[in-house]
Amino acid sequence: MAASIVCQVIGRSTPGPSRRACLHYDPHHTTHPLLVAFSRLCVHGPLRDALALLPDLAAAGLRVDPVAISRLIKLCVRHGTPGDGRLIHRYVYGRGGNGAAQSGSSLFVSNSLVSMYAKFGLLDDALKLFDGMPQRNVVSWTTVVAALANASGIKVEALRFFVAMLRDGVAPNMYTFSSVLGACSTPRVLTALHGSIIKVGLDSDVFVRSSLIDAYMKLEDLDGGRRVFDEMVTRDLIVWNSIIAGFAQSGDGVGAIELFMRMKEAGFLSNQGTLTSVLRACTGMVTLEVGRQVHAHVLKYDKDLILYNALVDMYCKCGSVQDADALFSRMPQRDVISWSTMISGLAQNGRSIEALKVFDMMRSEGPRPNHITMTGVLFACSHSGLVEDGWYYFRSMQKLFGIQPQREHCNCMVDLLGRAGKLDDAVKFIHEMNFQPDSVIWRTLLGACRMHKNANLAAYAAKEILKLEPDDQGAWILLSNTYADLRQWADAEKSWKVIRDRGVKKDPGRSWIELGKQVHIFIAGDLSHPCSEGIIQELSRLFSRVTNLGYTPQTEFVLQDLASEQKEDLLKYHSEKLAIAFGTMNAMEGKPIRIMKNLRICGDCHTFAKVVSKSEGKVIIIRDPVRFHHFEDGVCSCDDYW
DNA sequence: CTAGGGTTAG
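With the UniProt record's numbering, the residue at position 141 of the first sequence is 141, and numbering never jumps.
The set of hints was computed from the structure by calculation and includes no laboratory data.
Predicted model only: the values in this text are computed from it and were never measured.
Take these hints with a grain of salt, some might be off.
As the list claims (entries may be wrong) - With a cut-off of at most 20 Å between alpha-carbon atoms, the simulated EDC-like pairs for lysine to aspartate or glutamate come out as follows:
{"#": "1", "residue 1": "K463", "residue 2": "D438"}
{"#": "2", "residue 1": "K422", "residue 2": "E408"}
{"#": "3", "residue 1": "K264", "residue 2": "D230"}
{"#": "4", "residue 1": "K422", "residue 2": "E388"}
{"#": "5", "residue 1": "K463", "residue 2": "E493"}
{"#": "6", "residue 1": "K497", "residue 2": "D472"}
{"#": "7", "residue 1": "K155", "residue 2": "E220"}
{"#": "8", "residue 1": "K128", "residue 2": "D168"}
{"#": "9", "residue 1": "K591", "residue 2": "D633"}
{"#": "10", "residue 1": "K453", "residue 2": "E493"}
{"#": "11", "residue 1": "K303", "residue 2": "D335"}
{"#": "12", "residue 1": "K422", "residue 2": "D639"}
{"#": "13", "residue 1": "K572", "residue 2": "E616"}
Construct all of the structure, not just a fragment, from the sequences and the given hints.
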């Protein structure tokens with residue numbers, strides 16, 4: 001076997017003298033033909049032939065070039081065959097397994113093997129080999145640190161190994177630092193690491209810098225990340241992507257987009273990674289106009305399904321179903337994600353019937369729905385009160401699509417029944433489903449109880465949540481809100497006391513609106529916006545107009561027990577009202593007013609928006625974290641059902 | 001032989 005491979009390899013690649021060498025081997029003047037063949041196979045493959053020579057090499061007692069061995073190890077990684085890697089390991093270390101016995105068992109080769117195990121996710125093997133190594137250098141340590149930093153759940157171990165490395169007297173290099181930064185879990189550790197990086201003069205390395213930026217961003221220290229970025233003299237595309245992604249992920253979409261503009265000014269061409277981050281920023285912010293501009297960039301990657309899907313999602317989340325739908329129907333190909341995105345997007349925009357129509361289309365011409373598609377379908381049903389359809393899809397998804405209902409589907413069903421006011425059915429469903437109810441389910445029920453003002457059941461659901469998650473803020477807040485809705489101020493106050501005592505803070509209501517290239521943010525009760533005077537005037541103008549059309553403030557949506565004028569004041573300055581006033585002041589002819597909210601819309605603001613849409617003849621679109629409300633001529637797309 | 005960013009649907 002070996003002989004035929006050797007002849008083949010040598011004969012194939014170099015006819016003439018080497019073929020002779022194959023036949024007349026002189027140990028003093030010529031490299032052994034086995035070694036020649038082996039080295040070639042390590043570079044060009046096939047992997048299988050190279051592996052087949054290992055036993056003969058061992059039998060002949062030949063010492064193989066470590067470079068060749070490590071190339072072979074890399075081939076295994078490329079082929080994704082850990083078994084072959086183990087074979088090489090066994091050959092290199094010999095039967096004794098004492099680490100120094102066989103040919104090629106240098107530090108270099110051991111490092112390659114550790115790295116191979118790490119890349120296959122075989123951490124135990126990597127560590128066992130590492131522990132048995134007679135010496136270890138920076139590379140050995142760095143390989144292990146990187147492997148641990150990339151693993152989930154045991155990142156702390158990376159830090160421990162890093163410290164052990166220092167104790168061992170091995171100096172970290174830029175590779176080590178950029179790896180260990182990925183395991184950096186507290187600001188203190190980060191400060192310490194950053195300090196040592198500067199001290200040893202590695203802070204000019206681009207890799208180290210981008211890891212530093214990423215580490216600051218992951219700890220939500222945007223300024224820290226920004227500073228590292230600003231100090232850089234030479235930046236590459238990945239550094240730009242790091243900082244843009246950091247801003248996009250921490251919710252600072254405006255910052256992300258500004259950086260994207262600067263990146264283009266600096267002459268960098270965006271790649272798929274840049275654009276996905278920028279689209280994510282647009283999706284989070286509902287900056288439709290900027291999103292359209294990004295769309296123009298994306299056109300250069302027109303075959304990229306991921307970017308297309310992200311665009312459809314962005315248009316849906318920005319409340320522009322027309323754009324989303326136009327794009328969806330023009331897409332060269334559509335996968336499950338495309339269809340699911342479109343279905344959920346329509347449902348979120350209150351177009352449940354259309355969502356179900358798209359689902360029918362998908363069934364006839366698209367890919368097979370998956371469990372996330374079904375979540376979208378059930379979401380469509382629950383947000384339109386289509387109880388019967390919901391039951392039908394829930395009951396038949398196993399039979400029709402082979403999808404076993406999961407937790408999230410049960411949650412949709414509880415939502416469907418709860419929203420429709422069938423609270424008893426919802427409770428019955430929870431007790432009969434195949435899962436142990438979790439806090440998500442109870443929270444859904446609690447939301448429905450609040451909507452239908454069933455305080456007793458709400459208290460039950462809240463207690464169940466607090467059994468599972470004793471410190472859950474949401475449970476306390478929803479419970480107290482329920483009492484407030486019922487005007488049971490004593491009970492509400494009791495819950496608020498718990499919230500205050502535990503330091504639970506309620507997120508203030510925030511709304512934002514895009515005007516030109518700027519995003520204006522409004523916080524409930526906060527009149528610090530530069531146009532506040534104008535906004536207050538506009539609000540009173542709107543109030544007098546809508547009062548004539550029959551609007552009265554619904555003070556039951558105010559949560560504290562206050563005199564009714566004070567309550568009206570609080571209501572008046574809800575963030576969405578400030579945004580609506582700002583929107584009507586600056587409205588452009590024929591364009592809808594688009595507003596984003598961080599919390600669910602309040603009932604009074606919902607009525608207000610409806611009446612304003614009629615009195616001002618404007619379309620108002622408000623997106624809350626769950627769905628959209630399109631207000632037009634006094635009605636909302638949600639049919640007052642949300 | 002060791003290192004950096006992004007990845008869409010709920």
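For the pair supplied as a hint, K463 and D438, confirm whether the alpha-carbon distance does not exceed 20 Å.
Distance ~12 Å between K463 and D438 Cα, so the pair holds.
Would you mind confirming whether the straight-line C-alpha gap from K303 to D335 stays at or under 20 Å?
holds, 13 Å
Compare the distance between the alpha carbons of K128 and D168 with 20 Å, and conclude whether the hinted pair is satisfied.
Satisfied, since the Cα-Cα distance of roughly 18 Å is no more than 20 Å.
Under the criterion that the straight-line Cα-Cα distance not exceed 20 Å, is the pair K463, E493 satisfied?
OK: K463 and E493 at ~17 Å, within 20 Å.
Sort out whether E220 lies within 20 Å of K155, counting only the CA atoms.
With a Cα-Cα distance of about 18 Å, the restraint between K155 and E220 holds, given a limit of 20 Å.
Pair hint K264 and D230, alpha-carbon separation not exceeding 20 Å:
Distance of about 16 Å is within 20 Å: holds.
Hinted pair K422 and E408, Cα distance within 20 Å:
Distance ~19 Å between K422 and E408 Cα, so the pair holds.
Are K422 and D639 close enough, with their CA atoms no more than 20 Å apart?
Within the cut-off at roughly 18 Å; holds.
For a C-alpha distance cap of 20 Å, please report whether K497 and D472 respect it.
Answer holds: K497 to D472 is near 14 Å, not above 20 Å.
Agreement of K572 and E616 with the hint, judged by alpha carbon distance not exceeding 20 Å:
holds, 18 Å
Does K453 pair with E493 here, judged by a C-alpha cut-off of 20 Å?
Given that 20 Å is the threshold and the Cα spacing comes to 17 Å, the pair holds.
Between K591 and D633, is the straight-line Cα distance small enough, at 20 Å or below?
holds, 14 Å
The structure meets every hint from the earlier list without exception.
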